[in-house]
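Student: Sequence:
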Amino acid sequence: MGETAGIQDGQQGPSDGDGPTLLRRIQELKEAIEHQSQMGMTDQRAKQLTASHIAALDKYNTCKEHTQSLMKAIASVEGKTLTEVFERFGLDSSD
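For the sequence shown, full-length UniProt numbering puts the final residue at 95, and the numbers step up evenly by one.
Please note that the accuracy of each hint is not assured.
In silico DSBU-like links for lysine-lysine, alpha-carbon gap of 30 Å or less [stated by the list, open to error]: (1) 59 to 72; (2) 59 to 80; (3) 47 to 30; (4) 64 to 47; (5) 47 to 72; (6) 47 to 59.
Hints are computed from structural coordinates only; laboratory data are not their basis.
Modelling step: build the complete structure from the supplied sequences, incorporating the hints.
Tutor: This is the structure we're talking about:
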């Protein structure tokens, strides 16, 4: 029913090949929710945990942005490429 409503609203549904994969994923998520409920995880605790994870990711992203700014500044001052600076600090350029 939900999939049909989304398609009626103009949203694209999953392709035929994705259907079984999505159904499997939905079932996995339902089982994970049930497991957490059985382990005593309350909705309030789940929300607290989610908020904590989001806050940690926010701090990580802020640190990463500042680090990238510093790397760019070092590259500019030294006349080197970012890749060279990343390698000097033992980082992969995808970091």
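Student: For each hint, tell me whether it holds in the structure or not.
Tutor: The hints, checked one at a time:
1. 59 to 72: holds, 20 Å
2. 59 to 80: holds, 28 Å
3. 47 to 30: Distance ~17 Å between residue 47 and residue 30 Cα, so the pair holds.
4. 64 to 47: holds, 25 Å
5. 47 to 72: violated, 37 Å
6. 47 to 59: The given pair, whose Cα atoms are some 18 Å apart, holds under the 30 Å limit.
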